[in-house]
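**Q** Kindly generate the complete structure, drawing on both the sequences and the hints.
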Amino acid sequence: MMRRSLFLFVLICTQALVRAQSLAPTGHVQDAAPVLVAFTNATLHLDARTVVPKGTLVVRNGVVVAAGEKVQVPQGAMVRDLQGLHVWPALIEPYSGFGLAPDKPEDRRNEQRGAHHWNRALRAEAHAHELLRPDGKQAGELRRQGFALVLTHRMDGIARGSSAAVLLNDAAVPKAVARPDLAAHFSFRKGSSPDDYPSSQMGAIALWRQAVLDARWYAAQPMPPETDAVLAALALQLNGRVVAEATDRNELLRWAGLLNEFKLAGIIKGAGDEYARLEQVRATGLPLIVPVNFPEAYDVEDPYDAQEVSYARLKHWEMAPYNAAILDTSGVVFALSTYGRKDLKDLWKDMRRMVACGLDSARAIEAFTSEPARLFGLDDRFGALRPGMAANFLITSGHLLAERNIIHETWVDGLRFVNEDPDRTALKGNYELNLQDGIWNLEVSGEGEKLEAFVRRADDPDSLRVKARLDRSGTIISLSFAPPSDPRAVIRLSGTIHGGGGLWDGQGQRPGGQWFHWSALRRAEKNGARKSGRDSTAAKVQEPPGPVPQPLVGFGWTEAPTQGTVIFRHATVWTNTAQGILRNTDVCIHEGRIKAVGQGLDVHVLFPGKKKPEVTEVNATGIHLTCGIIDEHSHIAIARGVNEGAMAVSSQVRIGDVVNPDDINIYRNLAGGVTTVQLLHGSANPIGGQSALIKLRWGQAADSLLIRDAAGHIKFALGENVKQSNWGSGSRFPRSRMGVEQQFYEAFHRAREYDQAQRRWNELRPRDRIGQVPPRIDLQLEALAEILRGERFITCHSYVQSEIDMLMHVADSMGFTVNTFTHILEGYKVARKMQQHGVSASTFSDWWAYKFEVYDAIPYNAALLHQHGVNTGINSDDAEMSRRLNQEAAKTMKYGGVSPEEAWKMVTLNPARMLKLDHRLGTVEPGKDADLVLWSADPLSIAARVERTYVDGVCYFDRTKDAAQRATVAAERDRIVRAMMAAKADGAPTRKARREHQHLWHCDDIGEEEQQHLDHDAH
Amino acid sequence: MRIERALPILALLLGLGATGVMAQQPVPAPAQQRSVLVTGGTVHVGDGRVIDEGAVGFRNGKVDFVGYAYGVTATYDTIIQVAGKHVYPGFIAADATLGLEEIEAVRASVDKQDIGRFEPEMRTLIAYKADSRVVPTVRTNGVLIAQIAPRGLVIGGTSSIVQLDAWDWEQAAVKVDDAVHLNWPAAYQRSGWWAEPGETDNEKRDERAQRLEELRTFFRRAKAYAQVKVPEAYDLRLEAMRGLFDGSKALFVNANAAKEITEAVQFAKAEGVKRLVIVGGHDAWRVADLLRENKVDVVLRRLHSLPMRPEEDIDLPYRLPALLKERGVRFCLGYMGDMETMGLRNLPFLAGTAAAYGLSPEDALRSITLDAAAVLGVDDRMGSLAVGKDATLIVSAGDALDMRGNQVVHAFIQGRRIVLDDHHQQLYRMYKQRLEQGQ
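For the record, the sequence lines run as chains A and B. Mapping of the first sequence onto the numbering used here: residues 1 to 1019, in sequence order. Mapping of the second sequence onto the numbering used here: residues 1020 to 1458, in sequence order.
Treat the hints with care, since some could be wrong.
Here are the simulated DSS-like cross-link-like pairs (lysine-lysine), alpha carbons at most 25 Å apart as the crow flies [to be verified]: (1) A/Lys263 x A/Lys137; (2) B/Lys1314 x B/Lys1194; (3) A/Lys175 x A/Lys137; (4) B/Lys1451 x A/Lys833; (5) A/Lys851 x B/Lys1194; (6) B/Lys1293 x B/Lys1314; (7) A/Lys342 x A/Lys992; (8) A/Lys851 x B/Lys1131; (9) B/Lys1248 x B/Lys1314.
Stretches of chain A that chain B covers, calculated by requiring three or more beta carbons in the stretch to come under 8 Å of a beta carbon on chain B [stated by the list, open to error]: (10) 834–848; (11) 935–945.
None of these hints come from the bench; they were simulated from the model. Glycine included, each C-beta is placed from N, C-alpha and C at the ideal position.
**A** Set out below in structure tokens:
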């Protein structure tokens, strides 16, 4: 016993000295001899799957020289017997900001910038190893849980610079950094950047995309026109490993798309909700870093409070522990991380929970050891215990995932850090304390350093139990107490621990100074009292609780609807063609298209061949059948910001980058008969962002919502919003309608020159290009050049006649046509000129008086425009109104006397024309997309309700199914709420229920910060 | 006796002179001189009854006949034939901001709320702009009576009920200072948004408890003050609260969540408030028993809203009227929320939506006529077509609760035939000329 303790002391001292060697000159005699240690008789885990029952590990100067079963202890080695203990490779934390605090925006306003990028959210030049200031406290906490190595980067900005692998050895930074510049890190968050741009996620994506292009262009220049340390660093990084941070599954897929776009090898830090888009996540083929961080349960005892917690949150609480197992089963490669946890206290409890939820236990350990090592190219030195690798290992009492396991020691680079000394014998137990003149019972309780002791006379069970003072120093023990009869008659004992702690003996002194010999002998434990606890690795695996709806919200599909062949019989069909409204008519849809429209359709005629599809017949008597509604102006299903309003021209941003397929408003819109929408950028600046045209294929991921071959569209805006009349500090140009005009000319002249430069380059013969650098790709000007080339179409937010005239003049003089004026509330004043220019009008039915520029807005606008030859539509710009666009269309009958058929076209065919999709959408005729709506009554009547909505022949809304789904959701909610209450009763931490308020975007919402504001509409 | 069949536009042109006077507000009508019989149309009484080929007669501003056209025995100076058309009581908007804001984003034109948390003394009536350009656009869709209510932080002020054809607010007033309006402190925080909710902290919860305590203290002070007829010092705030404790004023409380509504009902009861109306009432159907037992009415939030919670039934807002009807709670429809002032003209279509989602058409009509009058405490004078009540009615070419049918061709307020022209029709006529000139 003594021998071993002494040996350890020597070991620690020598190691510390050895480690202290550095490139720095030394002023004293060096400890030149190598430190050679052998650990024997351990249950030695070489990696998560290879275990040697009686293994030996030999470490020399912090490096493993041998590990295995038949390993000879080399001569000159110090030997430590680890009988009964386990040895594991130490853990690696792959995603951390260890020792690298983010900056504060206020500190950066006046920072010295040098030759750096114009946007301060790009900080690619930062190297973790240069900035590192290790945090000793955090290092200790990590080591206590078994970590020896962290991969850290400064979590600040969109381009965050490179990470370093840092040993948790409390050494000076040059010694602690095991490897610099491991990977380049990116996020969608601008962090401490004091710049306004980007203010939205699409802006962050656009900035990143341009930066990647610029970095490559910069690196190709023999003599760049300006010096930029950020682009120089970025160019180098893009050839290496890239790590991107996502805060939810949709961001994860966004990153996957971007990495693919630039052919970058990446790792994505996910959010733990990957199970909710499993198929798409798997299909990316990218490795992930997945946090071990489960949401807390909610306080849901009060049924009203419970109501406020959405099904998505309830279900995520239930599913989060299954995430890793589900990913693993699907073949997704991942490392685990403690990122985002409040603390590390229950890390191993959570790990066991994941295993109980089906994660293979070896996989769980690999995900913190060999997997991160492999992903970051560190597997030559870290993540396992093989010759040549760093001596980063753990000494534990049992299996890492066992419930009662104790991580006794964490060895980092050959340095020992003790959490709970295995050689300090546990003293807990009941002893028979023999003081010669009497026998006492001694109870020792507590863990580690915090020991408590009580004594009581053994011969008198009714005697008082008194507290004793117990001190331990190595194997020396001292104990003192006063008998209950006389508090001043303190008995003082000093002695030595023997025999694994079971026997103590020594000398004592009674009051009066009399010495005597005493001993304490531990009583045998009762059977079972020292059970080492359940080994959760062997515990019964819980099955995931039911299917995960797509998307993960209350009205998601657990069984996705499919395309079929359907004949609707005896419907009233609003064809939107010269045929008008047909009564008692059949419509057949097949393979996502309309196959036939006519009376008494015959299956045998429709499908003459031998192979007939399975046809579903729908009796649509009394039903009005129309094509789907097309909303030309919508802001639903957009994630994190609808405006990139920090710049007057933001044509580089793309709504298509930030489509949110989980927005419940997609489903609600379907229930209002909407099948196609144009997702528009907001109206905060004269030239906004590129639109996304989507079909409401509820349940599908973002990419699958986009209409693939649709023409490109872009949002422009005029008037009060762009000149910031009602928002903003007023420092951004333009501040008047005069400025808006000049901004357009400026933009289009730059775009024209840009286009010419690109064209000149493209026309060069290959040999003329030798030694030349191609002109810089500018995504902002590229989009504008597309307008000039007639390849991208403008939807312009507009109100008053002066500005409408102005933009048409700009377009005429620059040689393009404005495609659509949206809102266009004074369009009625200039309808003739609009008709001559050939622009469409997409307006509100009856909005006015919400700002000064709409004081002359009239509900007769649509009728007047329509009656004077302008292709006119009614749009929503509102998530609620979009589900009643049929009612809004009917208002054109009230205000201006438009016929029912023409009124109906205002929300179908006419917007299809604006979107250049009228070859596919907007009418009910053979060959068109089977985007159909079944109405309970004349769709323009207030009584009309949608019974079913089809997109591409798939029934995405069905009133009957919806009713069933309501019951299912209610039952599911109840089940999970009860599980939460049970968890709370078991002592799980909880949080208060809160209302989930969805921010509904409108044109003039500025930036994603807007989301943080409390809405005032309810209270 | 003069028989009118002329198109309303003709009457209008006669009234204004055919010179095309632009951008003028319709001239308020003088008191009823000649007796009028509106006859031959479908009369929707407002109390649930419908009279086909009915007639409504009125003189001196009051209705003196409602029944089948063939039953008319008295003589009338003017007989208006409305065969094929629909006659309704003028629609009544509760909790409206009409006349308090002209242009939402132009601060100078907005008088909906003042500063301070407890401001019952703020009277909307004196800020009501009788010649607002918005008001005529609302009348032309059939809304003739409105409760003009304040907004505000906690207690916003005191509302009044007005009719929508007047030279000034004094003439407009139908019932002065009818109710105090209170926004109940929200029970649930809504920080962040659904994809990224902010964290709840205890501090905020304590803050709410404190707010409720402040509110209670304020009401207790007001009640004590109200017990003294001539106070030692005249307190404007507490004076404005006086009517709550003797029932001469109602307390309108904006609350949507079941917990908030329950709290508000218990609060009003405990503090001796005689008449309580819940405004908003999204969850009112869940606490229907409580509301019914305590005779608490509801002004429902705008039905054309999204569900309040992510997986509520997608059509729940549309079905709220039917749910309250089934449960025996009296209610009317409101239009509060974004663009509430200019959007108020869509009030009849809210009723139409209620009819499409489970309410009978005549019950839907009640929710913007008789029941609205009852909620506002003026059903003895208006809200239905009944002998002795104000002759405030409209004639629509079709179903006035449907966008396609809502064409108000005649409207009377207190027997006065009002001009159905507005800013929009004027601009419509003006620019039609431009376009017809080919410019």
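**Q** Are any of the numbered hints broken by this structure? If so, which, sorted upward?
**A** 1, 5 and 9
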